[in-house]
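Student: What follows is the residue order along each chain.
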Amino acid sequence: MAYPIGSRDLLIRGGRIIDPSQGLDAVGDVLLRNGIVEACGGTISTPDGAEILDASGLVVAPGFIDVHVHLREPGREDVETVASGAHSAVAGGITAVCCMPNTKPVTDNQAVVGFVKQKAEQAGYARVYPYGAISVGQKGETLAEMAEMVAAGAVAFSDDGRPVESAQLMRSALEYARAFNVPIAEHCEDMTLARGGSMNEGIMSAKLGLKGIPAEAEEIYVIRDILLAKRTGGHIHMCHLSTKGSVELVRWGKERGINVTAEVCSHHISLTEDAVDGYNTNAKMNPPLRTAEDIEALQQGLADGTIDLLVTDHAPHHYDEKEREFADAPNGIVGLETALAVNTTYLLHTGILTLPQIVDAMSCKQAKIFHLPGGTLARGGIADVTIFDPNRQWSCDPKAFKSKGRNTPYGGHTFTGQARYTIVAGRVVYTA
Amino acid sequence: MAGPLGKDLLGLAPLSADQIRLVLDTAVPFREISERAIKKVPTLRGATIVNLFFEASTRTRISFEFAEKRLSADTVNVASAGSSVSKGETLVDTARNLEAMKIDMVVVRHGGSGAAKFLAERIESNVVNAGDGTNEHPTQGLLDMLTLRDRFGDLAGKRICIVGDVLHSRVARSNIWGLTKLGAQVAVCGPRSLLPNAIEQMGVTVFNRIEEAIEWADALNVLRLQLERMQAGYIPSLREYNRVFGVTSARLEKASRDLLILHPGPMNRGVEIDSDVADGPHSVILDQVTNGVAVRMAVLYLLAGGKPELAEAAKKGVA
Ligand SMILES: [Zn+2]
Ligand SMILES: [Zn+2]
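Sequence order for the protein chains is A and B. Going by the UniProt record's numbering, the first sequence opens with residue 1, and the numbers climb by one from there. Going by the UniProt record's numbering, the second sequence opens with residue 1, and the numbers climb by one from there.
Hints in this document: simulated from the structure, not taken from any laboratory. Incorrect hints may have been included.
Said to hold, decoys possible - List of simulated lysine-lysine pairs, DSS-like, C-alpha gap at most 27 Å:
| no. | chain 1 | residue 1 | chain 2 | residue 2 |
| --- | --- | --- | --- | --- |
| 1 | A | 139 | A | 322 |
| 2 | B | 307 | B | 69 |
| 3 | B | 102 | A | 322 |
| 4 | B | 7 | A | 322 |
| 5 | B | 7 | A | 207 |
| 6 | A | 207 | B | 69 |
| 7 | A | 211 | B | 181 |
Model, not experiment: these values are computed from the prediction.
Chain A extracted, bound-state conformation:
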């Protein structure tokens, strides 16, 4: 079974095309045909029978990609399915996602990888690229069968949800994965420091009487893994960095030419630990929301390229799982449908990033670092396009989410910036 392709030519007319992969930022047309980009830029005459999409006043960008989401299928289909997650993605302007393997059963073999891919193709919204687990059962003991999973369609490996506690196993993973040219993505968390913690360790945790997770719980693993990447030459990708120290360590690694890349979640560049006040479980996530100083460092890291990608760590939960005492509530928020809006509101309209930088961090670099199709509107590329209005205001209503999850700290927030058309393989799959 193949991914559904648009049946007619689609001419996107008169938008501001921003495609850092070709250094393009100019008003023009884009023509999509048979699921690929037929032409991009300048004035294109309308082919016979083509569908026309007027994009004047809007930004036309290569489809956004999110390399860090949790789709919950198989195992917790009540919380999210591949289909509902892929629908949620396109509602946020995201045309492709990489889904983490902490499913039930764990995605640690080719059968589960194939199952997830098949579910995504049936759904026909966003493209879904599964991660495989680094270790069997994510137990941190033995390497999972990476070669077989790559053959079945896995694009990267991670034990996300937990760290790889054994440095030796992480070393082996980095070495072994080199042959397949796929990143090893690490959830950086020293459990001996973090266990029992439910928020950032600092003044707010002192006030609320909650056990904190210190910044060093993350940073110890960041530097450990950078050193292992240096030793092995493998590609380490740092998941959801949240602290100033982490940014400085990644900068240190990159300056030395070590093969390290990094991502940051939209919530970590927009909210501080203050959002937890009153024991707000919708602001509970791992890594936790940190301080204003950390936010500034993460934003700066994005601006200077130390941090490569903007991701969501989309983590839907059933509403009653968050309806409980803070320390026992699950971590995570619904991210796919607010990511673009958070990024434009907190990074673009504040002057921290330019539009091309946002498109680069949400699309081009994601494709490049994870070796995925897309991330470009160059002729011959896949016809995945996000058309958005960076100035449109809207109010976040969790009840309207396409995700099955409702857990967001942004309910009632007014954002500036929204996806208007999401196009996958030349087909408009979402309109706002």
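Starting from the known structure of chain A, arrange chain B with the ligands on it as the hints suggest.
Tutor: Chain B with the ligands only, in chain A's frame:
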């Protein structure tokens, strides 16, 4: 029902200085009821109160029960040995059940920080926090303050040092919030591994040595050291704890002036406090217990809509 304290007593952080003074002032007439032969007034007759204890605490539960009974309320004790979770019922289910039973007040003790607030937001009944996780234990804070006020009068400028495991202590947090609101100077002293990292930002002084704390303070509030902190790796041994941070008579004798000794109980004698100190002339530990009942009576009275200016009449059983 909402009186001058609002619907609930969740902590001392949300209260104003005036509200704290109001509770302390109201507790004074109520304290006398406990001195009488017939220790009962009809003030809360007909009110039903559930004491919901997810965590064992004989002292606090008995103190609340006395307070309720002396005000003539009907009480039910619900104890749950394990956590609510282990029984498969969530706190939100508990809240719904309580709501359906049409009770007037809930006194809740729970292992999760924020649990009392969680419950209060979901039920109409007044909620009194009897200790939630490592957040607050407001009635303990209030009884400590009443005990200090009995001896010192105005607390403004008085120096109170909390000694011990501040990191895991709800008593410490309630003391810090309450005492600083009334203008006292607050310090903490204990092993750094048992003090929250950012504690200075809460406006308290930190002493690393108990001798310095004793020299500085007008009163020491000595916290109970949970014996499992040693196994958990926070401190090397109980013996060393006593030698370095123990409140001993030898240390107190060296001080240039007398100071008051408080302890929320139950005590580990010979660990955080020595017996001769606990039973000595400067100890007000038993006054704390007496004041505990009075403060809880005042809290229940005020939450039930009792008028502070009528507290004197309520004591006589006529209001
Ligand atoms: Zn993670
Ligand atoms: Zn994740």
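Student: Run every hint past the structure and note whether it holds.
Tutor: Evaluated hints:
1. A:139 <-> A:322: holds (26 Å)
2. B:307 <-> B:69: holds (19 Å)
3. B:102 <-> A:322: holds (26 Å)
4. B:7 <-> A:322: holds (24 Å)
5. B:7 <-> A:207: holds (22 Å)
6. A:207 <-> B:69: Roughly 34 Å separates the two Cα atoms, so the pair is violated.
7. A:211 <-> B:181: holds (25 Å)
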